[in-house]
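These protein sequence lines are chains A and B, in that order. Using the numbering used here, you'd call the opening residue of the first sequence number 1 and step up by one each time. Using the numbering used here, you'd call the opening residue of the second sequence number 1001 and step up by one each time.
Check before you lean on any hint, since a few could be wrong.
Below are the DSS-like pairs computed for lysine-lysine, each with C-alpha atoms no more than 27 Å apart in a straight line [what the hints assert, rightly or not]: (1) K1059(B) - K1006(B); (2) K1019(B) - K1006(B); (3) K1006(B) - K12(A); (4) K12(A) - K1114(B); (5) K1006(B) - K6(A); (6) K1059(B) - K12(A); (7) K63(A) - K1056(B); (8) K6(A) - K1056(B); (9) K1056(B) - K12(A); (10) K1067(B) - K1114(B); (11) K1059(B) - K4(A); (12) K1006(B) - K1040(B); (13) K12(A) - K1041(B); (14) K1101(B) - K1017(B); (15) K1044(B) - K12(A); (16) K12(A) - K1040(B); (17) K1059(B) - K1016(B); (18) K4(A) - K1006(B); (19) K12(A) - K1034(B); (20) K1107(B) - K1019(B); (21) K1056(B) - K4(A); (22) K1059(B) - K6(A); (23) K1056(B) - K59(A); (24) K59(A) - K1059(B); (25) K1044(B) - K6(A); (26) K1107(B) - K1067(B); (27) K1107(B) - K1039(B); (28) K2(A) - K28(A); (29) K1056(B) - K2(A); (30) K1034(B) - K1114(B); (31) K1067(B) - K1056(B); (32) K1114(B) - K6(A); (33) K1067(B) - K1016(B); (34) K59(A) - K1114(B).
Covered by chain A, per the in silico footprint, the following chain B stretches (three or more residues, Cβ under 8 Å) [unchecked claim]: (35) 1046-1056; (36) 1110-1118.
Rather than coming from a laboratory, the hints here were simulated on the basis of the structure. Just so you know, these numbers come straight off a predicted model, no measurement behind them. Built from N, CA and C at the ideal position, the CB exists for glycine as well.
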Amino acid sequence: MKVKVKYFAFFKEATGISEEIIEVDNDKTIGYLLEIITKKYNLESNSNMVISLNHEYIKENVKLNEGDEVAIMIPSSGG
Amino acid sequence: MIRIQKEDFSIDEELKKIKNDRCGASVIFLGTVKSEMDKKKVTKLEIDAYIEMAEKKLKEIESEAAKRYSIVESLIIHRYGELFVGDSIVLIIVKSVDRTKSFEAAKYLLERLKQEVPIFKKEHMEGNVIWQGGI
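So here's chain A without its partners, still in its complex pose (with noise of 0.2 Å):
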């Protein structure tokens, strides 16, 4: 199944990239997907990860499903 994932502020920098379609087996986790992407950019494990799925932060490793949006960030600095 494909899922979409955006990357901001410091992963935006760190990978290059904006947003990439990554395709992953069906019952994958986000955890899943998480290992695919630090080992593809190299990037360190960091607690100042914050994860979304469809616009909604996750902290548990849930199950993704086809067309899901995942979205990697650093913790909110508006205002």
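Here the structure of chain A is known, so what remains is to put chain B in place on it, guided by the hints.
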């Protein structure tokens, strides 16, 4: 009313858009780029935003504030892109019948925006460039 935009805004023009004569007071918060951060001179800010999610989160926060503080009208604008010292970053306007609630609501909106809305600042200071958030 929520907007995430690159362009600058005019407080007067925005006030006209949410004019409501039932409200005797408008509380306005304007955030601008300051010239110093941690005793270092700021040259500019770069703001990145996850616009779709930021709009969704701001609508949720605005709607919660409306219930909690009996807000009659409100408006939140946040800019992104490259901003320089003195430039406007964020505008919050709150109108309600009770002025005390308007002040509280403006503070509530700003604090939740800072904590929850996916907007990110990169600070360019003399000799140092950092993303706020510790990276």
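Taking the hints in turn, this is what the structure says about them:
| no. | hint | result |
| --- | --- | --- |
| 1 | K1059(B) - K1006(B) | holds, 19 Å |
| 2 | K1019(B) - K1006(B) | holds, 24 Å |
| 3 | K1006(B) - K12(A) | holds, 18 Å |
| 4 | K12(A) - K1114(B) | holds, 20 Å |
| 5 | K1006(B) - K6(A) | holds, 20 Å |
| 6 | K1059(B) - K12(A) | holds, 25 Å |
| 7 | K63(A) - K1056(B) | holds, 23 Å |
| 8 | K6(A) - K1056(B) | holds, 16 Å |
| 9 | K1056(B) - K12(A) | holds, 21 Å |
| 10 | K1067(B) - K1114(B) | holds, 20 Å |
| 11 | K1059(B) - K4(A) | holds, 24 Å |
| 12 | K1006(B) - K1040(B) | holds, 26 Å |
| 13 | K12(A) - K1041(B) | holds, 26 Å |
| 14 | K1101(B) - K1017(B) | holds, 21 Å |
| 15 | K1044(B) - K12(A) | holds, 19 Å |
| 16 | K12(A) - K1040(B) | holds, 26 Å |
| 17 | K1059(B) - K1016(B) | holds, 20 Å |
| 18 | K4(A) - K1006(B) | holds, 25 Å |
| 19 | K12(A) - K1034(B) | holds, 25 Å |
| 20 | K1107(B) - K1019(B) | holds, 21 Å |
| 21 | K1056(B) - K4(A) | holds, 18 Å |
| 22 | K1059(B) - K6(A) | holds, 21 Å |
| 23 | K1056(B) - K59(A) | holds, 19 Å |
| 24 | K59(A) - K1059(B) | holds, 22 Å |
| 25 | K1044(B) - K6(A) | holds, 25 Å |
| 26 | K1107(B) - K1067(B) | holds, 15 Å |
| 27 | K1107(B) - K1039(B) | holds, 26 Å |
| 28 | K2(A) - K28(A) | holds, 11 Å |
| 29 | K1056(B) - K2(A) | holds, 24 Å |
| 30 | K1034(B) - K1114(B) | holds, 16 Å |
| 31 | K1067(B) - K1056(B) | holds, 17 Å |
| 32 | K1114(B) - K6(A) | holds, 21 Å |
| 33 | K1067(B) - K1016(B) | holds, 23 Å |
| 34 | K59(A) - K1114(B) | holds, 19 Å |
| 35 | 1046-1056 | holds (count 8) |
| 36 | 1110-1118 | holds (count 7) |
Violated hints: none; the structure is consistent with every hint.
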